[in-house]
Structures are given as C-alpha cells and as structure tokens.
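Trainee: First to last, the sequence lines map onto chains R and Z.
Using this note's numbering, the first residue of the first sequence is number 2, and each one after it goes up by one.
Using this note's numbering, the first residue of the second sequence is number 336, and each one after it goes up by one.
Heads up, a few of these hints could be off.
[Stated by the list, open to error] Partner residues aside, some chain Z positions facing chain R, computed with beta carbon under 10 Å:
id, residue
1, Arg361
2, Lys385
3, Ile409
4, Ser445
[Said to hold, decoys possible] Cross-link-like lysine-lysine pairs, in silico, BS3-like; alpha carbons within 25 Å at most:
id, chain 1, residue 1, chain 2, residue 2
5, R, Lys217, Z, Lys456
6, R, Lys216, Z, Lys347
7, R, Lys217, Z, Lys385
8, Z, Lys404, R, Lys75
9, R, Lys3, Z, Lys456
10, R, Lys147, R, Lys3
It should be emphasised that the hints constitute simulated quantities derived from the structure, not laboratory data.
C-beta: ideal position from N, C-alpha, C; glycine also.
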Amino acid sequence: MKGLLTKDRYVCFKHLSSVLLTAVSLFICVLLSDYASVIDMVGYVLALGFFFACLSDDDRTGYSYLMSMPVDAKTYVVEKNVYAFVLLAGFWVCTKAALGLGILIYGPTPNQTLSTVFGLNSVAYFFAMGVASAAVPITLKLGATKAFFILAAIPWVFLLYIIVDSGLMYTTFERAFDFLRGSYVRSPGLFFVGCLVFNALVVLACIRLGIRVMKKKDM
Amino acid sequence: MISLNHFQKNYKDFSLDISMEIPAGRVTGLLGRNGAGKSTTIKAILGLIKSDGGTARVFGKDPREFVAKDKEAIGAALSYSGLNEQLKVSHIIDILRQMYPRFDEASFRSLCEAQKLPLNKAVSTFSTGMKAKLRVLMAITHEAKLLVLDEPTAGLDVVARTEILDLLREYLAKDPERSVLISSHISSDLEGFCDDIYLIDDGKIVLHEDTDTILGQYGVLRVSAADYDKLEKQYILGSRKESFGYACLTTEKQYFLDNYPNLVIENGSLDSVIIIMLGGE
Numbered sequence: 002m003k004g005l006l007t008k009d010r011y012v013c014f015k016h017l018s019s020v021l022l023t024a025v026s027l028f029i030c031v032l033l034s035d036y037a038s039v040i041d042m043v044g045y046v047l048a049l050g051f052f053f054a055c056l057s058d059d060d061r062t063g064y065s066y067l068m069s070m071p072v073d074a075k076t077y078v079v080e081k082n083v084y085a086f087v088l089l090a091g092f093w094v095c096t097k098a099a100l101g102l103g104i105l106i107y108g109p110t111p112n113q114t115l116s117t118v119f120g121l122n123s124v125a126y127f128f129a130m131g132v133a134s135a136a137v138p139i140t141l142k143l144g145a146t147k148a149f150f151i152l153a154a155i156p157w158v159f160l161l162y163i164i165v166d167s168g169l170m171y172t173t174f175e176r177a178f179d180f181l182r183g184s185y186v187r188s189p190g191l192f193f194v195g196c197l198v199f200n201a202l203v204v205l206a207c208i209r210l211g212i213r214v215m216k217k218k219d220m
Numbered sequence: 336m337i338s339l340n341h342f343q344k345n346y347k348d349f350s351l352d353i354s355m356e357i358p359a360g361r362v363t364g365l366l367g368r369n370g371a372g373k374s375t376t377i378k379a380i381l382g383l384i385k386s387d388g389g390t391a392r393v394f395g396k397d398p399r400e401f402v403a404k405d406k407e408a409i410g411a412a413l414s415y416s417g418l419n420e421q422l423k424v425s426h427i428i429d430i431l432r433q434m435y436p437r438f439d440e441a442s443f444r445s446l447c448e449a450q451k452l453p454l455n456k457a458v459s460t461f462s463t464g465m466k467a468k469l470r471v472l473m474a475i476t477h478e479a480k481l482l483v484l485d486e487p488t489a490g491l492d493v494v495a496r497t498e499i500l501d502l503l504r505e506y507l508a509k510d511p512e513r514s515v516l517i518s519s520h521i522s523s524d525l526e527g528f529c530d531d532i533y534l535i536d537d538g539k540i541v542l543h544e545d546t547d548t549i550l551g552q553y554g555v556l557r558v559s560a561a562d563y564d565k566l567e568k569q570y571i572l573g574s575r576k577e578s579f580g581y582a583c584l585t586t587e588k589q590y591f592l593d594n595y596p597n598l599v600i601e602n603g604s605l606d607s608v609i610i611i612m613l614g615g616e
C-alpha cells in the first residue's frame, strides 16, 4: 500500500496547475468578507478534485500494469480510501490556516465560534469522505469519464431542485441544518461520534463494493 | 510454472480458447499477428481478465486469486499500460522500492545509467526505445521468477531491440529457474531468444514447437503446381500458393531430401512458419 500511496502523492503533485489553483482559491476566499462559510467548502472541493485526478489517472494509464504489480483488489480500494482521508485531512489543515489568516485580517465573524466551526466542519469532512469513497467503485465500474459526469451532475441536480421548488429545498435544508446544529449544541461529543460511526459505515460499504467491482473487472 | 487449460474468453467480435504449458527455466515466445490474441493471453496469465471457461494456473494458483505477495514473483512489461508518464525515473524508483521488498535499487540505477536513461526527466520526454527499456528494467530488477512481456520490442529499431534482448539474457543468466513469456509479432526477435514458440492465430494456438526443431527439422518445399499434386501430404503442415506454385511447410525435411531429390528445400525459419501457417491454406 505504501508504494501506491507514494505513486498517488507523486501523481497529485504533477497536477501543478491544480496546486496553484488551490493557493489562489484559498487566497481569494480569505479576501471575501464571508470567508468562514466559503473557505471550508472550497478546501473540500479542491481535495476531492485532486482525488478524482488520481482516480482518473489510474483509469487513463490502465489498471493492467498496476494490477500486475503486488497490488490486489483489496489493497487498491483500501489505499484509495486512505489516500482520500489523508488528502482531506491535508486540505482541512490548509483551510484552517486560511481561516486563521482571515480571522487575523477581519477578526471573527458574528456567530463564529471555534467550536461551531469545528463541529459543523466534521459533517462537511465526513460528507466529503463519503463522496470520495463512493467515487472509487463508481470509477472502477463506469470509467473515469462517466464517473466524473455523474459526480459533477450532483450539484446540478441540487440546483435544478432549487429552481423547481426553492421553498421545499430551503425548508429541507433548514430543517436538516437545524437538526444538525441542535444535535451538536445538545451533545457535541455524541454528535461527533454519531457522524464518525455513520461515515465509517458508509466508507466500509463503499470499500466492500469497490473490492467486489475490482474483482469482477476485466482490465 | 504457467498452465492454461482451454482458457476461454469471449468478446463481442473475438474469442480466445487457449492451452499452454510453460515449465520453470524456459523462455517461451508467443508469436502472432496483431489482434491474434497475444495480449489477451498475457492478461489471462496475469489474472487481469476472468475466464469464460477453462482454467489458468500460475505457480499452481489461479492468478485471479493472487494476493499482493504472490505478485512479487512476477515481473510484467506491458506495451499498453504503465505508470503516469509525467513521473520521473527517480519517482519510479521510490514507488518500486516500496512495492517490491526485493527491488534491487543499485542494479536499477546502474542499468539506467548504462542505458542512458536520465533519472530526473519525466518519462514523457523519453524516446520510444527509452520507454521500452525502462519498462523492461522495471520488470527485471526485483528478482522476479517469471517475466511476462507483452511486445517489449514493438516499434523499436534493430539496435534498441537487440539491447532489450541483451537485458533479458543478463536477467536469465543469473538464475536458471527463471522463466520468460514474451509476445511479439517480430519473429527474428524470438528466433534467437526463445526455447519454444507458440504460434497464435484468431484466438487459438495453431502451432507449438521448440525453436531448435523449427530451425533444424522444419523445411520449406518450393514446388510447381504439378509437383504439388504428387507430394505426400501427410508430412505437410501447411502450404501457401505463390506465383511459381506452392510453398509447403514440412516437419520432415530429411524425408523429402531422401525421396524427392529434385525438390528445392529451404531450411525452416519462424518467418516461413508464420507466412505458411497463417497465410496459407
């Protein structure tokens, strides 16, 4: 697995334009007055972007050579999840550094306490991890191009939903957000553990599915 | 070491049904036209495709059931798949070091130097020959017991092809138990390198023979149409109509020398085997 992680790390840093894009995006976010709400989202989206770049690189160069190396289906799928976790953690640190920079420039925004940021941030982190985990079996099954269109279509489906029924969308999100915030305020520890357990279940299900798809795949 | 027993794979417009045995210490060539099924056979051996019938065994196990540890004993060089070409050789060294516990980094570095492969340039900037050499070096420097090479010399000039075959000869000289399966559509590469040859056409093995037997005992009879009718056909493997009459491939060159003193009989070669077996009737 170490060899695969090294490969993914090198492939990731070969996307130099993406590294520059990350730095510029975070810098622009800091310049926004409402930086706190935007910055986390941008960090996770960029982390997922890097992760998809690695997945699509494996798909483009072909799995044949990779799977002729000492890599089996389980190693491959688990490594991709470990890599997604590390990548998201790395961007989490970057976004927090940018957030700190924002606080230094503007001071904290109203209603922004450290605990709220961290609490709701865990939800975003786990959501991004779930998306990354799901992307592995989808890419293995459909190929990178189709998988990219499917994953990229998700925000557009949401947008369509908003356009068709903005009131319902607003109510749904508001309720969900209130529920999450309420749960977090009542018991932050339990909230975090709940998120962690739910996410672990999602990731484990995606790993099992990914291994199954990989074992059946013709390369 | 490798055993395929009626391994079948069906695609929409192509079917493979192949049986082959490769014992330890042998160098086996897989020869055939483009699209004959060489790469599919190699995929079957590496466990990259699932069987639609028959069995595949490598080191006594189904290669589809291989765990990472089992694959350490195999070195593969595939013409159609590899690592990202934006990586440098120095990056590849890091990857191989962590992938293979028996990776011989010193040997890899010295071979790169000998083959003039720069460590700090992206592989994408390499020539076709340099990329092919790198693929072979990646396969031979972790003490694999079995090498599986798919068209390692395709698209290369004669000098680069010879250099790659020399690398393989050095690898084989280190341990007599090492085996190589090499596919190619360039018969001259296999003629001086392989112990035996499998000739594949349209997904099926049409000939399996020791290279020495082909070169020593096989012969090509050049006969007119009238003489062709008089030939004893039981010793004729295949024939091909040509401008002067027929070219016939035989495994019993001596028989025809003794019984047909006026016939023109040439020594067998892989080229003549391919031309008559694949292009004849």
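Trainee: When the structure is checked against the list of hints, which entries are broken? Sort them ascending.
Mentor: Hints 1, 4, 5 and 10 not satisfied by this model.
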